[in-house]
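Protein chains: 2
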Amino acid sequence: MVGVRQFDEAEALRKALTLFWTKGFDETSMQELASATGVQRGSLYNAYGDKGALFLKVFEVYRRDFLRQLRASLDRPKLHDALQSFFDCVVTSMTTGNPTRGCLSTKTAASTAIVDESIREAVQGLLDELEGLLGGRLARAQPSDGLRLAPGEAARLIVTLTRGIVIIERVYQDEQRLRATADALIALLLDDRALASGGDRA
Amino acid sequence: MVGVRQFDEAEALRKALTLFWTKGFDETSMQELASATGVQRGSLYNAYGDKGALFLKVFEVYRRDFLRQLRASLDRPKLHDALQSFFDCVVTSMTTGNPTRGCLSTKTAASTAIVDESIREAVQGLLDELEGLLGGRLARAQPSDGLRLAPGEAARLIVTLTRGIVIIERVYQDEQRLRATADALIALLLDDRALASGGDRA
DNA sequence: ACCATTATTGACATAACCGTCAAACTTGAC
DNA sequence: GTCAAGTTTGACGGTTATGTCAATAATGGT
Chain A
1 MVGVRQFDEA EALRKALTLF WTKGFDETSM QELASATGVQ RGSLYNAYGD
51 KGALFLKVFE VYRRDFLRQL RASLDRPKLH DALQSFFDCV VTSMTTGNPT
101 RGCLSTKTAA STAIVDESIR EAVQGLLDEL EGLLGGRLAR AQPSDGLRLA
151 PGEAARLIVT LTRGIVIIER VYQDEQRLRA TADALIALLL DDRALASGGD
201 RA
Chain B
1 MVGVRQFDEA EALRKALTLF WTKGFDETSM QELASATGVQ RGSLYNAYGD
51 KGALFLKVFE VYRRDFLRQL RASLDRPKLH DALQSFFDCV VTSMTTGNPT
101 RGCLSTKTAA STAIVDESIR EAVQGLLDEL EGLLGGRLAR AQPSDGLRLA
151 PGEAARLIVT LTRGIVIIER VYQDEQRLRA TADALIALLL DDRALASGGD
201 RA
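Note that the protein sequences, when read in sequence, are chains A and B.
Using the UniProt record's numbering, the first residue of the first sequence is number 1, and each one after it goes up by one.
Using the UniProt record's numbering, the first residue of the second sequence is number 1, and each one after it goes up by one.
Source of the hints: derived by calculation from the structure; they are not laboratory data.
One should not assume that every hint holds.
As the list claims (entries may be wrong) - Using 25 Å as the maximum straight-line C-alpha spacing, the simulated SDA-like pairs for lysine to any residue come out as follows:
(1) B:Lys23 - A:Cys89
(2) A:Lys23 - B:Lys15
(3) A:Lys57 - A:Pro143
(4) B:Lys78 - A:Lys57
(5) A:Lys15 - A:Gln124
(6) A:Lys23 - B:Asp50
(7) A:Lys23 - B:Glu32
(8) B:Lys15 - A:Ser85
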């Protein structure tokens, strides 16, 4: 290796992620990315080609972290707890920061950046994995969990609702409301009587 | 009246709406608005002040139309039919156009335009009215409709899901999937047995 | 017919953006 | 220590954006 990268790529990508997450793809300029990362614009172009390619690198970091957290959140014996913990994780992630940062994939999906096929595929990939994560957990539901929908259908419904929750957060900035909406879906999704009969004392 | 507006304001606002709807607030320039409406940039500034104020005017047109359609869609005797017709209306609206135009309020909510307080209030106003519309219809539910949630809670859940559906549309561009997700929520929300016992032959 | 008032027009000022590039620099390999 | 290869740098060019303004045009009231 002769010409070696001068900046810490992992750190730079993290800082770029913070910026993209806060402002969205379109509204983030290369100049801002350069300032935030401490890497000059020219170097960024040299290293990644263009803003879209840099974004895909950053999005990969985001995707990995996001899914890792949610995977862990679902790892609870009772489905009710797993779903509550899942939504808690989602809500906490989007309400972090001041002003709250929201959700990067949702901001991206709603912006014109989504017409770029490679970006669309990246976002879709994340949502597909998210759906798979949920589907896997839901498929392991016990009769006592009282799941009232096929796992696949339920997974898609949950993924879709999380996207909606993100938008509601942007407009109302009321974390309590988000959690209440999540609870409402969980209540509909799981039969309470079945849940009670599968209590922790049995 | 001495100096009178030369252009047809209603028509100009409609054309501006099409543009904002397609591209979103941030990505739409005053030059594009001028070209689309046939009104010169300077005139737009003179008439509305700045892009934000013009957007609010346009958003008002959007809001009126959107809510009028949805109000009509909910006017059906059986709640199940009303909700299906409601979601059909929402999905049809966002999948219109080529490429599909999506949802203006959601695009706006997800963009940085939402930090502008007057724009945030406009979007919130629309969602509040939407929630009120649904809440009103749900409050008139019959026992035979089998509504499994308090009307207010159900209304918020539905509003939130519609926002999520918009995002899913952007990513997957699969109208069928949107309708299936809507049907899944309706199925959860309404008790089928109650529905059957309240059939149209009684 | 005139005039006051407003709308329209096109140019101007300013700033931001993206992407490129030649020159200078840095570094590991030999 | 020298060299080849890749990186960094700062400047350049071209494009696009917002908002302003003085000059011009249009109109309803009188």
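List of violated hint numbers, smallest to largest: Of the numbered hints given earlier, those the structure breaks are 1, 2, 3, 4 and 8, listed in rising order.
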